Structure formats: structure tokens, C-alpha cells
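**Student:** Here are the chains, one letter per residue:
Number of protein chains: 2
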Amino acid sequence: MPITEEELREQIGKLEGWKLEQDIMVRKYMFNEYMKGIAFVDAVAAISEAFDHHPHITIDYKTVILRLPVDVEKLDIRQANEINEAFEKNR
Amino acid sequence: MPITEEELREQIGKLEGWKLEQDIMVRKYMFNEYMKGIAFVDAVAAISEAFDHHPHITIDYKTVILRLPVDVEKLDIRQANEINEAFEKNR
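Same order as they appear, the protein sequences are chains R and P. Position 88, counted from 1, in the first sequence is what the numbering used here calls 88; the numbers after and before it change by one each time, with no gaps. Position 8, counted from 1, in the second sequence is what the numbering used here calls 108; the numbers after and before it change by one each time, with no gaps.
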């Protein structure tokens, strides 16, 4: 059962580093090495395929920004948590 | 010896798919599979490290856009050609 939009907004507020910009979940990740950011993008891609929900990704040298359109059917919160875990492993 | 800006602009005109937007070389690459685009980004990252010149990268599902600021000291043309070759291998 999909969660309500209100529940989603509340949960996004608890997610480390993510914020809501209109209907898009956004998080900026910073790395101390360029290739660590690239390895993180690889992990994000694998997670995105698993969820069949692909964030818009920008790589600006050591900064990676993800923009994930909110889709209450697609468990964004779980996906965002997995992405945060991937960041902890690759930072 | 760095090439002149005029020579650079002429050479960019010959590069497949690249165009100049103000002082930034831009090319959009499209893939028929999401993970092919990601493998291409990995190749672009390795090339960028070798040239120590990192394009701004956006990944929008199966579309990858590179924006490489023109730097006449840094042989952008050779880098762009290597990136184009990586695209042929990963498309």
C-alpha cells in the first residue's frame, strides 16, 4: 500500500541530508576524491535499477547531486536510505 | 605549445557531436540501456583523471550530457576524441 503524501513528506524530513524541492527529493554528496564520487554514482545506478526509479544525477568534480522525483508508489524513502548507505561505504 | 583559441574553435567544429556553448564544449550522448550510460560515465571519469580536466556530467536516465570548459592549455580536442571513442565502445 503506498504511503500518503503527508507521510512521505514527514519521512523525508527525517532522512539525513535530503530535502524536498517542490516534488523532487534532492541531496548533495561531497567526496574528498573524484573517483570516490564516481564509485558512489555506480552504486546509485545499481540501486536505481533495482527500484526502477532513476534520479537525475549531476557530477561536478567531487560533488554529486541527486534529484529524485517523488513517487509515492515507489518507496522513495527506502531507496534514499539505500543511497545514503552507499554513500557511507564510498565516501 | 597550446593551440590558439581560433584553432581550437575550428577543431571543435570537426569533432563529432560536440558543440561550443560560450566557452564550454558540450555533447549529449544517448544510450539504449541505462547501465551502458553508466559504464560510459566510468570511462569518461578515467579519461578525465588522465587529463586532469573534469567535465560537468549530467545523467538523466539514458541520456548523458558532458560540459567541458574550454582550456587551451589542456588539449580538450584530444580528450573529447577519447571520450567519443569511449562512447563507441560503450554504446
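Hints are computed from structural coordinates only; laboratory data are not their basis. No experiment lies behind these values; they were computed from the predicted model shown. Just so you know, even glycine gets a beta-carbon here, dropped at the ideal spot from N, CA and C. Don't take every hint at face value.
Reference excerpt, derived from the structure (chain R facing chain P, CB under 7 Å, subset only) [to be verified]:
#1 N32
#2 A45
#3 I47
#4 T58
Below, computed lysine-lysine pairings styled on BS3-like, alpha-carbon distance capped at 30 Å [to be verified]:
#5 P:K128 x R:K28
#6 R:K36 x R:K19
#7 R:K62 x R:K36
#8 R:K36 x P:K189
#9 R:K89 x P:K119
#10 P:K136 x R:K28
#11 R:K62 x P:K119
#12 R:K89 x P:K136
#13 P:K162 x P:K128
#14 R:K28 x P:K114
#15 P:K136 x P:K162
#16 R:K14 x R:K89
#17 R:K19 x P:K128
#18 P:K136 x R:K62
From the derived model, a few chain R residues whose C-beta atoms are all more than 10 Å from chain P [unchecked claim]:
#19 R9
#20 R27
#21 Y34
#22 V41
#23 H54
#24 I59
#25 D71
#26 E85
#27 R91
**Student:** Each hint should be assessed against the structure and marked as holding or not.
**Tutor:** Hints, one by one, checked against the model:
| no. | hint | in the structure |
| --- | --- | --- |
| 1 | N32 | 15 Å, violated |
| 2 | A45 | 4 Å, holds |
| 3 | I47 | 12 Å, violated |
| 4 | T58 | 5 Å, holds |
| 5 | P:K128 x R:K28 | 23 Å, holds |
| 6 | R:K36 x R:K19 | 23 Å, holds |
| 7 | R:K62 x R:K36 | 8 Å, holds |
| 8 | R:K36 x P:K189 | 23 Å, holds |
| 9 | R:K89 x P:K119 | 37 Å, violated |
| 10 | P:K136 x R:K28 | 24 Å, holds |
| 11 | R:K62 x P:K119 | 25 Å, holds |
| 12 | R:K89 x P:K136 | 23 Å, holds |
| 13 | P:K162 x P:K128 | 11 Å, holds |
| 14 | R:K28 x P:K114 | 36 Å, violated |
| 15 | P:K136 x P:K162 | 8 Å, holds |
| 16 | R:K14 x R:K89 | 20 Å, holds |
| 17 | R:K19 x P:K128 | 29 Å, holds |
| 18 | P:K136 x R:K62 | 22 Å, holds |
| 19 | R9 | 25 Å, holds |
| 20 | R27 | 15 Å, holds |
| 21 | Y34 | 6 Å, violated |
| 22 | V41 | 7 Å, violated |
| 23 | H54 | 5 Å, violated |
| 24 | I59 | 4 Å, violated |
| 25 | D71 | 14 Å, holds |
| 26 | E85 | 19 Å, holds |
| 27 | R91 | 17 Å, holds |
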